[in-house]
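Spelled out from the first residue to the last, the chains are:
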Amino acid sequence: MAEDVSNTEDMISPIVTAYPREKRYILAMMQDVQKKYNYLPKEALKMIAKHAEVPFSQTYSMATFYKAFSLIPKGRYNIRVCDGTACHIKGSAVLIDQIYNNLGIKPGETTEDKVFSLETVNCLGACAIAPVVMVNDTVHAKVTSSGILKIIEKYRGDAGDEDV
Amino acid sequence: MKIIIDGRDVDVEYGETLLTAAKRAGIKIPTLCHNEAFEGQGRCRLCMVEVERGSMKNTVASCTYPITGEIKVSTSTPLIEKMRKNIVMLLYKQAPGSQLIQDMYKEYGCVDNSLEENNADERCILCNLCVLACREMGSSAISLIMRGTDKQVATPYNEAAEVCLGCGACAEICPTNAIKVIEKDGQRIIWNKVFNLVNCQRCGKPFATREQLGYIAAPGKDISTQSLCESCRRKSAAEKIQGFM
Ligand code: SF4
Ligand code: FES
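Taken in sequence, the protein lines are chains A and B. Just so you know, my numbering puts 36 at position 36 of the first sequence, and the rest follows in order with no gaps. If you want my numbering, it's the position in the second sequence, counting the first as 1, plus 1000.
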């Protein structure tokens, strides 16, 4: 879930400065920031660059290299559709299409209301229950094209409840 | 120390790269990601050659291979030529818009037999030379971003980089002319940043960005003293020398 990042600098600074000013800690800093914000804010990449004494272009290069990092804020519910071989054969592409038709987001994108984001992963390691979809930490097994819509509805409902 | 390249004895220094030694001996090895200003990168693999050391035979990238013993090198065997042809074919897929790569494609007798791509204008072969040039200038405004088929050269977030001086060293070194520089109305646009150009005090032609001159000059120094373009600077230096004679 994306936190308020209005005073990002103050919040990120302790995460970054917890590490020595050395290049080899850059990835660790990024992982910590990502853990906290679910993505890497631009400010964070600038601060890490400054702290580790490397150019901003280098932290940006590293952040875009690794799939584990996201440069855009994630929604409250991060939908991860497995697109490994087994899930692909079992129709994961249909699920991705369904999500697009329903939420209007493609892999790597987040809905405007910041409730959902979508990403594909190469294998969740649970091929026996393909196709697999994870929403945050919850695993949904053998998801059908109508099942995915129910899952979305459920979380949309949860999001609505929390807002009240 | 001596090694044999293409049947010729060549004098070499221990530890220097095969490419450097071959070049000095006048033996041509094709390269794309190499520039004398920098160490070999081993990116494009076009400089592959065959190296025999005792009974071992290897193919190596000559721009990164340090000479450490007696070797026999062949720069153009059927295997090497085939590898180069494959590389050129792949480079063409990556950067079909580059004239240089198009020419090489013909030169190596490549034939296209694969799917249409929609990158007809792409010229960048991802050799990384522009990134090195920018670092050498002390700016490091650009870097290689993303990976795999999405890999490209860019400034962070594709935004105008604070550290970019608009010097154009990247465009200058690019082997495929891939970096867009627009110059008009006294302005230079590069990497999404707009620079005002300074006119040469002698011939009046716009020639450098303010940021560039400010960077070259010591802090606080008046930049107008170096506001001569390269050819006028040369002329003015020549006149000074003549004045002494
Ligand atoms: S823009 Fe030119 S110099 Fe830079 S990586 Fe691409 S081909 Fe090489
Ligand atoms: S010149 Fe050696 S790999 Fe490119």
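Among the hints, a few may not be true.
What the hints assert, rightly or not - Here chain B is said to cover these stretches of chain A; the calculated rule only asks that three of the stretch's residues, wherever they fall, bring their Cβ under 8 Å from a Cβ of chain B:
{"#": "1", "region": "23-34"}
{"#": "2", "region": "61-69"}
Unchecked claim - Each computed DSS-like pair below joins lysine-lysine, with the alpha-carbon atoms no more than 25 Å apart:
{"#": "3", "chain 1": "A", "residue 1": "K67", "chain 2": "B", "residue 2": "K1151"}
{"#": "4", "chain 1": "B", "residue 1": "K1235", "chain 2": "A", "residue 2": "K42"}
{"#": "5", "chain 1": "A", "residue 1": "K42", "chain 2": "B", "residue 2": "K1193"}
{"#": "6", "chain 1": "B", "residue 1": "K1193", "chain 2": "A", "residue 2": "K46"}
{"#": "7", "chain 1": "B", "residue 1": "K1072", "chain 2": "A", "residue 2": "K46"}
{"#": "8", "chain 1": "A", "residue 1": "K106", "chain 2": "B", "residue 2": "K1184"}
{"#": "9", "chain 1": "A", "residue 1": "K23", "chain 2": "A", "residue 2": "K36"}
{"#": "10", "chain 1": "B", "residue 1": "K1193", "chain 2": "A", "residue 2": "K50"}
{"#": "11", "chain 1": "A", "residue 1": "K23", "chain 2": "B", "residue 2": "K1151"}
{"#": "12", "chain 1": "A", "residue 1": "K74", "chain 2": "B", "residue 2": "K1151"}
As the list claims (entries may be wrong) - FRET-style restraints, in silico, Cβ to Cβ:
{"#": "13", "chain 1": "B", "residue 1": "Q1099", "chain 2": "A", "residue 2": "G125", "range": "39 to 49 Å"}
{"#": "14", "chain 1": "A", "residue 1": "K23", "chain 2": "B", "residue 2": "A1160", "range": "19 to 29 Å"}
{"#": "15", "chain 1": "A", "residue 1": "E43", "chain 2": "B", "residue 2": "N1177", "range": "48 to 58 Å"}
{"#": "16", "chain 1": "B", "residue 1": "E1116", "chain 2": "A", "residue 2": "N122", "range": "19 to 29 Å"}
{"#": "17", "chain 1": "B", "residue 1": "V1111", "chain 2": "A", "residue 2": "K154", "range": "22 to 32 Å"}
{"#": "18", "chain 1": "B", "residue 1": "E1117", "chain 2": "A", "residue 2": "E43", "range": "35 to 45 Å"}
{"#": "19", "chain 1": "A", "residue 1": "N102", "chain 2": "B", "residue 2": "T1059", "range": "48 to 58 Å"}
{"#": "20", "chain 1": "B", "residue 1": "N1177", "chain 2": "A", "residue 2": "T85", "range": "33 to 43 Å"}
{"#": "21", "chain 1": "B", "residue 1": "V1111", "chain 2": "A", "residue 2": "C123", "range": "53 to 63 Å"}
{"#": "22", "chain 1": "A", "residue 1": "C123", "chain 2": "B", "residue 2": "I1216", "range": "21 to 31 Å"}
{"#": "23", "chain 1": "B", "residue 1": "K1235", "chain 2": "A", "residue 2": "L27", "range": "44 to 54 Å"}
{"#": "24", "chain 1": "A", "residue 1": "F65", "chain 2": "B", "residue 2": "E1117", "range": "18 to 28 Å"}
Since the hints were made in silico from the structure, they are not lab data. Here a beta-carbon is modelled for each residue, glycine too, at the ideal position from N, C-alpha and C.
- Structure versus earlier hints, numbers of those that do not hold, lowest first: 1, 4, 7, 8, 15, 17, 21 and 22
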